[in-house]
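Participant: Chain by chain, the residues run as shown.
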Amino acid sequence: MKKIQILGPGCPKCKKMAENAETAARELGIDFEMEKVTDIKAIMGFGVMMTPALVVDGKVKVSGKLPDVDEIKKILV
Amino acid sequence: MHNLWKKHRVKMTMDWKREWKALAAIVVVFLCAYHLPVGRERFDNAVLEALALVKWYAREHVILCLVPAFFIAGAIAVFVSQASVMKYLGAGANKVLAYGVASVSGSVLAVCSCTVLPLFAGIYRMGAGLGPAAAFLYSGPAINVLAIILTGRVLGIEIGLARAVGAIVFSVVIGLLMHLIFRNEELGKAESPAILPEPGANRPLWQTAAYFAAMVGILVFANWGRPESATGFWYSIYSHKWLITAGLAAGLGVMLVAWIGIDWPRLALAALPSIVLALLFPEHPVISFAAALVGLSVVTSTHKGEPGEWFVSSWDLAKQILPLLFLGVLAAGALLGRPGQHGLIPSDWISRSVGGNSIQANLFASVAGAFMYFATLTEVPILKGLISGGMGKGPALALLLAGPALSLPNMLVIRSVIGTKKTTTYVLLVVIMAASTGLFYGAFF
Chain A
1 MKKIQILGPG CPKCKKMAEN AETAARELGI DFEMEKVTDI KAIMGFGVMM TPALVVDGKV
61 KVSGKLPDVD EIKKILV
Chain B
78 MHNLWKKHRV KMTMDWKREW KALAAIVVVF LCAYHLPVGR ERFDNAVLEA LALVKWYARE
138 HVILCLVPAF FIAGAIAVFV SQASVMKYLG AGANKVLAYG VASVSGSVLA VCSCTVLPLF
198 AGIYRMGAGL GPAAAFLYSG PAINVLAIIL TGRVLGIEIG LARAVGAIVF SVVIGLLMHL
258 IFRNEELGKA ESPAILPEPG ANRPLWQTAA YFAAMVGILV FANWGRPESA TGFWYSIYSH
318 KWLITAGLAA GLGVMLVAWI GIDWPRLALA ALPSIVLALL FPEHPVISFA AALVGLSVVT
378 STHKGEPGEW FVSSWDLAKQ ILPLLFLGVL AAGALLGRPG QHGLIPSDWI SRSVGGNSIQ
438 ANLFASVAGA FMYFATLTEV PILKGLISGG MGKGPALALL LAGPALSLPN MLVIRSVIGT
498 KKTTTYVLLV VIMAASTGLF YGAFF
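So the protein lines, in turn, are chains A and B. Heads up, the first sequence is in my numbering, so the first residue is 1 and it goes up one at a time. Heads up, the second sequence is in my numbering, so the first residue is 78 and it goes up one at a time.
Chain A extracted, bound-state conformation (with noise of 0.2 Å):
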């Protein structure tokens, strides 16, 4: 079970991060959760400056940019 959370108040670039993690989870077929984080002193938390933001288990992978679904495949493998 991988946890996923997308971080960014909620602008265009990241939910468009959330949907291309969602199916990047579902085409991998891999059990997920997915928490989107919009509190930006909970962002802050996680030690990012620039949304928006990837964190898998804990970890940040991706900060200040948008991957597209291939890029979250190979972090999510």
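FYI, nobody ran anything at the bench for these hints, they're computed from the structure. Where is the CB? At the ideal position from N, CA and C, for every residue including glycine. All clues stand as given, with none of them false.
Derived PhoX-like pairs (lysine-lysine); straight-line CA-CA distance at most 25 Å: (1) K3(A) - K73(A); (2) K164(B) - K41(A); (3) K41(A) - K59(A); (4) K73(A) - K381(B); (5) K16(A) - K73(A); (6) K396(B) - K15(A); (7) K41(A) - K15(A); (8) K61(A) - K15(A); (9) K15(A) - K73(A); (10) K499(B) - K172(B); (11) K15(A) - K3(A); (12) K36(A) - K396(B); (13) K61(A) - K381(B); (14) K16(A) - K381(B); (15) K15(A) - K381(B); (16) K499(B) - K41(A); (17) K59(A) - K36(A); (18) K41(A) - K498(B); (19) K16(A) - K41(A); (20) K74(A) - K381(B); (21) K2(A) - K61(A); (22) K396(B) - K16(A); (23) K3(A) - K36(A); (24) K36(A) - K2(A); (25) K59(A) - K164(B); (26) K164(B) - K61(A).
Here are some chain B residues pointing at chain A (derived, C-beta under 7 Å): (27) P195; (28) L196; (29) A198; (30) G199; (31) R202; (32) Q397.
Given the structure of chain A, go ahead and fit chain B onto it with the hints provided.
Facilitator: Chain B alone, transformed into the frame defined by chain A:
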């Protein structure tokens, strides 16, 4: 029979607790429609003004200004390494440098307004501290490229420049003041250092600079206005502007092939319609310009890697901003009218509250700007309307400086990051700074 009826009635009873909102909405819409002042001169005129203003923007500002500006803003998001800018705003950053970088980095980092607040919070808690964070917060929304380009184009070069320069200078002043006022309570930094993204593709700085210079050049020369006299240096630039623009476009094409990695047969194919149209309709260069934009879009959008990302980020910006801008223009037209015309709001209200360059007018404009929420770029058409309704130049600049940087919703977010006291101080500083800059500008221009 009686029982059945009763049962049925119970089932069909209106659930007022849930439905009252829908009813209220219907009643409000009905009352508005019933009393719609169609036929009254002021209202009919306002509708006409709104449509006329939309038409004017569509004709004057979209192909030559807005679309190229989207490409430039998109390119900034992709080709300029944001991580390398953030390096100067990190925890160990040189303080003097941090203020300088914070005051101008908005043009690079804040292409999307929603990135300003996380960056602000990050700079404050994990990076260079309150001063540079406040400087960034103030300058960020005001100096993003799209805003400066559209301000310069619609409201005039002077006020566009004043907006950029004013935002940079006063962001440093506000940052320093915030630092001095609260120097005794710099908080302990967060434990974990900020995680910054890896710097992207490393292209030599001069290449990136030349690439952006070509794009900005195209934007500037394509929009070169006709000077008043038909002789002299400015006029000769004006009469050759399309030749210069075409030259810059060719240069940009070469750079796309040489540095960005687009293969040249595809680029040549995409450029072909534009060249043919330029030869066929030399008196309508806009046709050729539009064809070139379409060609560039086709080439970049079907390309993998950086060119594809460039198109996607430009497209995302356009998709996000255009509807807001459209509504902003409609609203500005309906409420304020075109120059010399009247909208719903009487011009003498405007000239009474923000006309001239009095202290009250500047203060009113900056307070109103601070609390009002402007969706990205909509401040420009609204201000255009206000100016044509009699707003002074000083108050206009005051509103531009206080407006996009602050709004009630973002004050609340700022408060959650730095607390009530610092937020109040910051808002007061912005309002006072904006009003005094407006006063100063209005007195000299």
